[in-house]
Amino acid sequence: MELFHNLIFGFGVALSLQNVLYCFIGVMVGTLVGVLPGIGPMATVAMLLPLTYNIPPTGSMIMLAGIYYGAMYGGSTTSILVNLPGETASVITCIDGYQMARQGRAGVALAISAIGSFFAGTVCTLIVALFGPPLANMALKFGSPEYFSLMLMGLVTAAVLAQGDMLKSLAMVVLGLLLGIVGSDVDSGVKRFCFGYFELADGIGFVIIAVGIFAVGEIISNLSDPEERVVFTSKVGSLYPTRHDMKQSVAPILRGTVLGAFLGVLPGTTPSIATFAAYMIEKKVAKDPSRFGHGAIEGVASPEAANNADAQCKFIPMLSLGIPASGTMALMLGALMIHGIAPGPGVMTQKPDLFWGLIASMWIGNLMLVIINLPLIGMWVSMLKVPYRLLFPAIMVFSSIGIYSTNNISFDVYLAALFGVLGIAWRMFGCSPVPMLLGFVLGPMVEENLRRSLQVSNGDPSVFVTRPISLAFIVVSVLILVIMMLPAVKKRRGDITG
Amino acid sequence: MKFALRKNKDFWAGMMLIGIGAGAMFISRDYWFGSALRMGPGFFPTILGGILIAFGICIIAVGLRSGEKIQGSLSLRALLLLPLSLVLFGILMQLAGFIPALVVLVFVSAASGRKFKLMEVLPLTVVLTLAAVALFIWGLGLPYPLIKGY
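As they're listed, the protein sequences go chains P and B.
Residue numbers for the first sequence follow our numbering, beginning at 75 and rising by one.
Residue numbers for the second sequence follow our numbering, beginning at 26 and rising by one.
This is chain P alone, in the form it adopts within the complex (with noise of 0.2 Å):
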């Protein structure tokens, strides 16, 4: 009964007048940026964040949010239209989704991605809301030692699992927690890898780092591509679905949200292994599986579910643990460190208007998407006719513009365009920038806990195996590490997130 009081709470705080203004306002926005070719949820997040630094905290975080549904909803109708994967999670998406597309059945593969969204978003508002404040509680009752074997396996799993090189991706969270700690040590005040300026006693900002590699670095590296885009765009058709096409989606689009959830909650699992699997699951069940590839709809109803269902359960860790399970997710918890929010377990008793807000809101911003952007759809498709060369100058304004107006310092505009650089060089070495971003939020709490733990025990460092729990997490890291160094299982790892 908690949990509808909480829930009903929850709706007040998100149907205010201006926080559903503010969760329009995200998904519009985000939409709009997500279906621009070349623009990933990540940068556009990232890009975006400056805009909600002068709206109160709970209406930021409910706008991060749909801006960050929006983009996803952005990615699934380029890669249906245009064959035009946003971002890996959409790649999928593409192979029956453009087939049907070229079928004229363009309208039919966009309702039924949104529905079977819709239902997933649904489905995961309840299981985070479900989930989340039961572990939040048993988070509260952590000492030092228990929060920072807890990272540490949020940080191994992130990195295990994040696409590319594992090596490369352990080394990377290692880079992040170093660039974390950049700036005024909270023990001794000691200034510390400032070399000399002031501008980064404070730390190395989050959105410099962001828009740096997410927006400058993405941009030289699209730049870089010497293929020229070229957009044919299908017309959409009818966007009803027929009462045949329903009945073939129903079941791929339970069996998508089940599989999201499930993977969703792991840390550093990506979107595109939930949809990845849930499409080779739909081809295994299938009684005619070489429709696939051919425009089958379960091959897009059930990703594309599976695909929200892990975003949504994807906000469990941030908001009850205060870890970050994904790229995007280390950005909300940078905006909430904007707002001086303290990420972590504390958030749901000290803040609930914020935490109970924000659940109600997802579910708001989800039916946004299906009500107000399906019929948009012919004004999307025209975004997508918007040549790159276009583009990218408005990223650069929106994205300068946003990293001056934090501090008001053109010191922070010269580092990001570091970090600019900097991305492309990780980039081309093979060593992907999000593990590093994750490392990089957490790093000052790695430390602090570190630090704390060893006071606690003498300065013994067994207290991290001695204690039930965190022995239980340190356990899991190992366990993980080992079989995903396992050579049957590298080699799988290898085929899916390569």
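Accuracy of the hints is not assured; some may be wrong.
[Unchecked claim] Facing chain B, according to a computed beta carbon distance under 7 Å, are these residues of chain P, among others:
(1) Gly257
(2) Asp259
(3) Ser262
(4) Lys265
(5) Ala468
(6) Val471
(7) Tyr488
(8) Leu496
(9) Cys505
(10) Arg525
(11) Ser536
(12) Pro542
I should point out that these hints are in silico values taken from the structure, not numbers from a laboratory.
Positions of the beta carbon are idealized from the N, C-alpha and C atoms, including for glycine.
Chain P is already provided as a structure; the job is to place chain B on it using the hints.
Positioned in the frame of chain P, the structure of chain B alone reads:
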């Protein structure tokens, strides 16, 4: 072998990690290390630096065996001009004001693309600058002078 190394991406990734790790450890010598019981400001970065070096060595070792090459092309023009546009924006924000900073930002960043058409970039510059002034200065009320001195 020498030639292969120059294009080996794992070699470069490893070298970068070793470089950063060693740098962090070197700089951290100036910070008090402390002990496990009382971690000083130098404790954590020194350990992280050490771990980075270890990872770097492992990655180079793996890379020498697999010999994977750096892939993908890099547009030197974009790599130079795009960061430059940001730097110019920063300088002009201090010296000349919001409008000149934006005009230069849009112009230089547009020039970093492959196709630069003046007749296209000029209207784009005007539109983007106007939009930014409307949204950020008039809309969100950011306190920047449009042109310094006016």
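Status of each hint after checking the structure:
1. Gly257: Violated, about 11 Å.
2. Asp259: holds (4 Å)
3. Ser262: This interface hint holds because 5 Å falls under the 7 Å limit.
4. Lys265: Violated. Min distance 9 Å.
5. Ala468: Because about 6 Å separates Ala468 of chain P from the closest Cβ in chain B, which is inside the 7 Å limit, the hint holds.
6. Val471: holds (5 Å)
7. Tyr488: Given a least distance of 6 Å, the restraint on Tyr488 of chain P holds.
8. Leu496: violated (9 Å)
9. Cys505: Holds: closest Cβ of chain B sits about 5 Å from Cys505 of chain P, inside 7 Å.
10. Arg525: Since the shortest Cβ distance to chain B is 5 Å, the answer is holds.
11. Ser536: Violated. Min distance 11 Å.
12. Pro542: With a closest approach of 22 Å, the Pro542 of chain P hint is violated.
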